[in-house]
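**Q** Read top to bottom, the protein sequences are chains A and B.
Quick note on my numbering: the first sequence kicks off at 1176 and runs consecutively.
Quick note on my numbering: the second sequence kicks off at 907 and runs consecutively.
Hint data in this document are derived by calculation from the structure and do not stem from the laboratory.
Fair warning: there could be bad hints in the mix.
Across the chosen pairs, the derived CB separations fall in these ranges [as the list claims (entries may be wrong)]:
id : chain 1 : residue 1 : chain 2 : residue 2 : range
1  : A       : 1188      : B       : 957       : 22 to 30 Å
2  : B       : 974       : A       : 1229      : 35 to 43 Å
3  : A       : 1243      : B       : 951       : 38 to 46 Å
Calculated pairs, DSS-like style, for lysine-lysine (alpha carbon to alpha carbon, straight line, at most 27 Å) [as the list claims (entries may be wrong)]:
id : chain 1 : residue 1 : chain 2 : residue 2
4  : A       : 1232      : A       : 1192
5  : A       : 1190      : B       : 948
6  : B       : 908       : A       : 1186
7  : B       : 985       : A       : 1232
8  : B       : 948       : A       : 1186
9  : A       : 1232      : B       : 951
10 : A       : 1192      : B       : 908
No residue lacks a Cβ here, since even glycine has one placed at the ideal position from N, Cα and C.
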Amino acid sequence: GAGVSQSPSNKVTEKGKDVELRCDPISGHTALYWYRQSLGQGLEFLIYFQGNSAPDKSGLPSDRFSAERTGGSVSTLTIQRTQQEDSAVYLCASRAGTGTDTQYFGPGTRLTVL
Amino acid sequence: RKEVEQDPGPFNVPEGATVAFNCTYSNSASQSFFWYRQDCRKEPKLLMSVYSSGNEDGRFTAQLNRASQYISLLIRDSKLSDSATYLCVVDTGRRALTFGSGTRLQVQP
């Protein structure tokens, strides 16, 4: 079946602009995660959605970052007033539930802020 | 201190060699453990889960030592295609998985 998809695959923007990144999780997966990975670094947790529960936003680095998940499926990560330090690969992952289920990653969106 | 620590490497080994990666984690309440593989400019993919009793998948063996909060991955008979970054991953049950920064492996002909 289809895996996690993300769009766009690449985004180049100017400092100060807003960007929206989209994630389509695997159908039926209740858990959805956003991470970011800067060049040569590990994955940094951003936000986590589980079913209808309130999202865990504890990883968001500033109030310029927000995310929503509509209808328990598609998620959008929004970065307002982008800064150069926001440049990274933004990865989305989904998981069937909690516990030991495997987390599947999308291909990521490479964001470059000029 | 990072929650999950790994030697960044790189580990440069010849084909056919055996190589081992180690990882330590700080949260004693961690419940599940994984090794993910990430190829250059690609997303991470699950390599294997790690069980307390140790587990093997072909040339790959994973071990967990809860007392020492230590996880290992052993790769036997290395192939060129094993070249990648190996991520140690811990699930504390609180939220998303916690990833180490990864250990880079380069297998040379």
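**Q** Each hint needs a verdict: does it hold in this structure or not?
**A** The hints, checked one at a time:
1. 1188/A - 957/B: 22 to 30 Å: violated, 44 Å
2. 974/B - 1229/A: 35 to 43 Å: The hinted range 35 to 43 Å holds for residue 974/B and residue 1229/A, with Cβ atoms some 36 Å apart.
3. 1243/A - 951/B: 38 to 46 Å: violated, 27 Å
4. 1232/A - 1192/A: This hinted pair holds, its Cα atoms lying about 22 Å apart.
5. 1190/A - 948/B: Judged against 27 Å, a Cα distance of about 26 Å means the pair holds.
6. 908/B - 1186/A: violated, 30 Å
7. 985/B - 1232/A: violated, 40 Å
8. 948/B - 1186/A: Distance of about 16 Å is within 27 Å: holds.
9. 1232/A - 951/B: holds, 24 Å
10. 1192/A - 908/B: Distance of about 32 Å is beyond 27 Å: violated.
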